[in-house]
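Novice: Next come the chains, spelled out residue by residue.
There are 4 protein chains.
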Amino acid sequence: MKIAVNTGGGDAPGLNAAIRAATVAALKQGWEVYGIRNGYGSLFTDDPLVKLTHEKVHGITMLGGTFLGSANRGNPFEMPVKQSDGSVKAVDRSDELVKRMKDLGIEALVAIGGDGSMIIANKLSKKGIPVVGVPKTIDNDIVGCEITLGFDTACSIATEAIDRISTTAESHQRVMIVEVMGRYAGWIALHSGLAASADIILIPEIPFSLDSVCNKIKQIQSFGREHAIVVVAEGAKEKGKSHFVKGKAVGQAEQLGGLAEYLEKKIAEQTGKETRSVVLGHQQRGGSPSAFDRLISLRFGTEAIRALAEKDFNKMIVMQQNELRRIPLNEVAGSYRAVHLDCDTVMTARDLGKSLGD
Amino acid sequence: MKIAVNTGGGDAPGLNAAIRAATVAALKQGWEVYGIRNGYGSLFTDDPLVKLTHEKVHGITMLGGTFLGSANRGNPFEMPVKQSDGSVKAVDRSDELVKRMKDLGIEALVAIGGDGSMIIANKLSKKGIPVVGVPKTIDNDIVGCEITLGFDTACSIATEAIDRISTTAESHQRVMIVEVMGRYAGWIALHSGLAASADIILIPEIPFSLDSVCNKIKQIQSFGREHAIVVVAEGAKEKGKSHFVKGKAVGQAEQLGGLAEYLEKKIAEQTGKETRSVVLGHQQRGGSPSAFDRLISLRFGTEAIRALAEKDFNKMIVMQQNELRRIPLNEVAGSYRAVHLDCDTVMTARDLGKSLGD
Amino acid sequence: MKIAVNTGGGDAPGLNAAIRAATVAALKQGWEVYGIRNGYGSLFTDDPLVKLTHEKVHGITMLGGTFLGSANRGNPFEMPVKQSDGSVKAVDRSDELVKRMKDLGIEALVAIGGDGSMIIANKLSKKGIPVVGVPKTIDNDIVGCEITLGFDTACSIATEAIDRISTTAESHQRVMIVEVMGRYAGWIALHSGLAASADIILIPEIPFSLDSVCNKIKQIQSFGREHAIVVVAEGAKEKGKSHFVKGKAVGQAEQLGGLAEYLEKKIAEQTGKETRSVVLGHQQRGGSPSAFDRLISLRFGTEAIRALAEKDFNKMIVMQQNELRRIPLNEVAGSYRAVHLDCDTVMTARDLGKSLGD
Amino acid sequence: MKIAVNTGGGDAPGLNAAIRAATVAALKQGWEVYGIRNGYGSLFTDDPLVKLTHEKVHGITMLGGTFLGSANRGNPFEMPVKQSDGSVKAVDRSDELVKRMKDLGIEALVAIGGDGSMIIANKLSKKGIPVVGVPKTIDNDIVGCEITLGFDTACSIATEAIDRISTTAESHQRVMIVEVMGRYAGWIALHSGLAASADIILIPEIPFSLDSVCNKIKQIQSFGREHAIVVVAEGAKEKGKSHFVKGKAVGQAEQLGGLAEYLEKKIAEQTGKETRSVVLGHQQRGGSPSAFDRLISLRFGTEAIRALAEKDFNKMIVMQQNELRRIPLNEVAGSYRAVHLDCDTVMTARDLGKSLGD
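Protein chains in written order, with the numbering used here: chain V, 25 to 382; chain C, 25 to 382; chain G, 25 to 382; chain Z, 25 to 382.
Chain V with its partners taken away, still in its complex shape (with noise of 0.2 angstroms):
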């Protein structure tokens, strides 16, 4: 058999480790794998494949990011194409794609990616590629999964990040701002948050108010502590207002900068206290996996190679109950998996008296 490998949309670490490990246990197998450079959009160019061999991905374990690369305009369905009128139009190549995937010999396709990933995937198992979808994303919230690969990372940089500022912050007595990745699920900020012993987390899925932050800095200061931590994921948003959206000010509030610097100044108005924010952003994303990345994904990678074995296509590797499973592809898309509020981690949160800022 002759089978593809392909990564899609944001960088996580772990990638590499996923694309070794489908790659060694299909060769052995006895098939021949091909990697796509680039994401799907390279199949339309004259030499879209590298051969993936032992030695092709040696070491790559510990490597960060993805050595076939992930451009962002790799959605065949709607791949941008210019106009005669210099325009970009979104036109649907797919049938293209599944043809010229046929005419080069692909059997069957690893599809590694984030939840716009297994969408593709999905369609294109419809149009004829059987396909195994390996979930990835730092935010964590792919539906399905209790666990993607980049997410213990993504966590583990942030903890670390919020850990060096928590000094800063006690050394000066000051109220830090985190600002952590996750535009639609607080996992990163819930677990980094707690982790590092943040005094406050916002989190998309709760929306927050200004008074109740406010309130817990002053309360924090009227027990004799003259620092606190604030995390806040990009996608956490203020009760009745729309004025952020992916962290960013958009409309009328554009002049408020970024979500980060909007709680500084508030914060520092209605507190009184000095206040600094930082946001992390790209670096939770890169960088050599942890441990358990390595292992998630390796053991995800492998997975796929034995569920193309055994012809149970059309399937998303998912960790469920701390169990390797095989979940359809349609039925990851198009939602995102939210923080449950009575879950047992923010239970935790409010039992250790963080303040979840409602």
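In case anyone wonders, no lab produced these hints; they're calculated from the structure. Warning: the hint list may mix true and false statements.
Copies of the same chain look alike in the list, so a pair counts if it works inside one copy or between any two.
As a list, the in silico DSSO-like pairs of lysine-lysine whose alpha-carbon atoms are at most 30 angstroms apart [claimed, not checked]:
(1) Lys150 <-> Lys52
(2) Lys289 <-> Lys265
(3) Lys240 <-> Lys52
(4) Lys289 <-> Lys261
(5) Lys261 <-> Lys147
(6) Lys261 <-> Lys272
(7) Lys290 <-> Lys272
(8) Lys80 <-> Lys242
(9) Lys240 <-> Lys75
(10) Lys270 <-> Lys289
(11) Lys297 <-> Lys270
(12) Lys150 <-> Lys272
(13) Lys147 <-> Lys290
(14) Lys297 <-> Lys80
(15) Lys270 <-> Lys150
(16) Lys113 <-> Lys261
(17) Lys52 <-> Lys261
(18) Lys75 <-> Lys265
(19) Lys75 <-> Lys272
(20) Lys272 <-> Lys297
Add chains C, G and Z to chain V, keeping to what the hints say.
Specialist: Leaving out everything else, chains C, G and Z in the frame of chain V:
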């Protein structure tokens, strides 16, 4: 209510986080919390308790070890007592201990520890002390637990060390043997061996043959790679032999030294390759806990207080199917949770072409 | 003798190590040691001092921040005093301060801080307080110092962050801009930019031209590499312009936002490349010091006590030509140590083909 | 010009950075650059050279080890040659080697290595090969060098390991012995012992007495602290004895095992304290170099090319008085740079109350 927190057994990253979580959650209930200094043994001294307050536990989540201390002679059912002839005898002082706890006004106990500590906790519960157990061990081998606090950090440290050692192996074209912890179960060896791309992983659950190990090294060499990495759990056993117990040679084999040294010598002899060994030892169990371990510790610690608050006594907090649960303490005693030979992680190792020595 | 230790100015990794070193070395001399809480300002309060003992400083070498605190309003020559009309005016309260220190029995002072703190220390010495200064700043820009405590840790953190961001840049074929600290001098940018293999390094000492930056990116692209890394010090300046001060847009340029954002927008426009930026911010100055910074801090801290013991007052401890030396405090004031444009590190950058924006 | 780069001797973090620096700087000169695979010995094989290009050295600055390889039998003046009777004899093949290098068109050599490699480089230079040396050793003991590449990383790894082990020592009230590298000089032990707050530091330069070591432990205990940390260089020697060479027992003392084990047993006996030991071993010399080591490596590597370009041959690049300099290769041979007993770092240790075993 007045409760006590005890930490017992070997050091594990996350103990301080669990102490803090139990303390803060209990204070929120309006309870008084005391820590037992250096294990149960200290209850026979004048000043066994330290009052735990918000100030006392501030900032300890990220610190390794247990600030309460964890003496090695903390089993009240077998207290070492010096006899008149100078010899030391184990004496059951548990009734005294229970009386002492009651005299001190302790109404319930949070017992944080490993297998041994859970057995003690179970016995104390039968003598009338309401107790909730929190399982910790870097070895991850407590019955009923998918994950114990300390394990993730130990795997991370081992993985990072093997990463480092691998670059040296490659530069010098050597076989490198890395001995990690795991007396009864191979969890650390299996997880860190996979995460760090070891070639051969030897665990107590699968007795190894030297021929099999050396054949794998020769096979690697025949493919053109001149270095190889062997990760071995201290409790690994050679097929049909019993010359090593917990990584140390015993009986007539004593002159063999440690297991790692033995493998080093034998592999060098049989393969003709330059071979070196490293025993990671105690660095696996100390130091700042990973974000994952901090979170687990905080979740377990607060759940212990929830259990006490609900008068759900004589239970151990566990993670099962990725959920916090409580199991009867008497289900824990006397056995170990081994690596299942058909679990997906073992399959992953085999699909990636690792040798498990069998 | 009775001495006091003060920490002033911005947080830097190594402060606690220096406090501990000065304390332990002074106790060995048989002296009494006191720490000033939160800077000189507290000397006007009732309880300004904390007695420093072996117990008090045990285990703090590895901790970030300063456990004494470092308030921002610690300049006794310009103390902010509220006027009757509600405004705040800077008032010289140094004579009062000197009297207060003498009343408290303080016979000598170890002043740990940056440029500002050394100026204050120099002035206090002229008013009769025997003082020895210990230079700290993550920016490494204090006159007379080859190395200041905090710099190595800041470079390590920045390097690690750029490493992480680079894997994302490569996966996504992006230009990534990383803004690091350095208001007046480009040490962190130069060292971390080199260590993390950045392509373009912009420092305050070399005004940059956007054309030069963009040409470098196009040149890289012409060689077949689709990603590039730009490291920029917050104090970097565009040739012939003054629209940014300390990384923030000023005057009419205010709508430009920060320097990193400005570069992101301009580079995307001029090169057509997808471009992103990250501002590392406060995480560079907090957290556990590197082994190097701990050692420097311990060497500086004990040397300060040696200087006091030898009555070699009004000096600052410095590393010069890799030796500990003492220079007169009044040589420090009012200027910065810039990167020399013909030093070997700049030559290294050029020989490695980096663009410095000129 | 056509030059070759060789890496010799033990692995050290920074070798790849130095290779890359020399390569890129030489390419900028318009030269051709070749790497010698696995040391000089390979020059007697058919395919000894790998062409070094920008692509070949891209991304290697952060990688541990040397991708050129560093065989242990790379001394052309003493090549191991199998004799007809099966024995192995060291043979001087240097004339052959010089001829082979000339036949291959190599006009100059960058020799990156330790003391042994510098001696070889010096001899080759006398046979007519223009050579510039770059000193590396994690032990930091090459004559004429303030700092060698690899040392900072080794100190960081050792410090982090001792940090971890210290929390366990404290939790369990144990004496912990940590053996670090340093056969002839105590640099790693002294620096990491200070950075990690060890109580006792044993280095080859100061023969230790067991009584002195044990008295220090008892003194610590008398002050109320129940744990202690001993850091020992593998080359440390007991006063008046010679039973250990490079950390291993020799002669009649062989049954003593290693130095760390010996100290563990003796200290437990004399102090009655629970004592454990850890030998850090090879993990100190592998893995990703610190930011500091990367920078040093890049500076040394480019300076080597500058020296070649200026025809300043037969020199070794060194850091002296914090400046890059070049010293004659023949000044290096045959001795080691020991820790000066009156240097400020030793004074720092004493002022901080450490025992150095004397």
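Novice: For each hint, tell me whether it holds in the structure or not.
Specialist: Hints, verified against the model:
1. Taking the closest pair of Cα atoms, Lys150 and Lys52 come within 30 angstroms of each other only inside a single copy of the chain (28 angstroms); across copies the shortest separation is 53 angstroms, beyond that limit.
2. In the homo-oligomer, the alpha carbons of Lys289 and Lys265 lie at most 30 angstroms apart both inside one protomer (17 angstroms) and across protomers (28 angstroms), since each shortest distance falls under that limit.
3. With identical chains, the CA atoms of Lys240 and Lys52 are at most 30 angstroms apart between copies only, with a shortest distance of 15 angstroms across copies and 57 angstroms within one.
4. Taking the shortest Cα distances, Lys289 and Lys261 sit within 30 angstroms of each other both inside one copy (16 angstroms) and across copies (26 angstroms).
5. Taking identical chains as interchangeable, the C-alpha atoms of Lys261 and Lys147 are never at most 30 angstroms apart, the minima being 33 angstroms within one chain and 50 angstroms between chains.
6. Both within a single protomer and between protomers do Lys261 and Lys272 lie at most 30 angstroms apart by alpha-carbon distance, with minima of 11 angstroms and 26 angstroms respectively.
7. Taking identical chains as interchangeable, the C-alpha atoms of Lys290 and Lys272 lie at most 30 angstroms apart whether they share a chain (16 angstroms) or sit on different chains (19 angstroms).
8. For the homomeric pair Lys80 and Lys242, the shortest alpha-carbon distance between copies (21 angstroms) is at most 30 angstroms, but the shortest distance inside one copy (57 angstroms) is not.
9. In this assembly of identical chains, Lys240 and Lys75 lie within 30 angstroms of each other by CA distance solely across copies; the values are 25 angstroms between and 57 angstroms within a copy.
10. Taking identical chains as interchangeable, the C-alpha atoms of Lys270 and Lys289 lie at most 30 angstroms apart whether they share a chain (18 angstroms) or sit on different chains (19 angstroms).
11. In this assembly of identical chains, Lys297 and Lys270 lie within 30 angstroms of each other by CA distance both inside one copy and across copies; the values are 26 angstroms within and 22 angstroms between.
12. For the identical chains of this complex, Lys150 and Lys272 are neighbours neither inside a copy (37 angstroms) nor across copies (52 angstroms), given an alpha-carbon limit of 30 angstroms.
13. In this assembly of identical chains, Lys147 and Lys290 lie within 30 angstroms of each other by CA distance neither inside one copy nor across copies; the values are 46 angstroms within and 38 angstroms between.
14. Taking the shortest Cα distances, Lys297 and Lys80 sit within 30 angstroms of each other only across copies (25 angstroms), while inside one copy they are farther apart (54 angstroms).
15. In this assembly of identical chains, the alpha carbons of Lys270 and Lys150 never lie at most 30 angstroms apart, being 32 angstroms within a copy and 55 angstroms across copies at closest.
16. Neither within a single protomer nor between protomers do Lys113 and Lys261 lie at most 30 angstroms apart by alpha-carbon distance, with minima of 32 angstroms and 39 angstroms respectively.
17. Taking the shortest alpha-carbon separations for Lys52 and Lys261, only the inter-copy value of 28 angstroms comes in at or below 30 angstroms, while the best intra-copy value is 49 angstroms.
18. For a Cα distance limit of 30 angstroms, the shortest separation of Lys75 from Lys265 qualifies neither inside one copy, at 51 angstroms, nor across copies, at 45 angstroms.
19. Proximity of Lys75 to Lys272 under the C-alpha cut-off of 30 angstroms is found in neither arrangement, the shortest distances being 41 angstroms within a copy and 46 angstroms between copies.
20. For a Cα distance limit of 30 angstroms, the shortest separation of Lys272 from Lys297 qualifies both inside one copy, at 24 angstroms, and across copies, at 22 angstroms.
The structure fails to meet hints 5, 12, 13, 15, 16, 18 and 19 from the earlier list, while all remaining hints are met.
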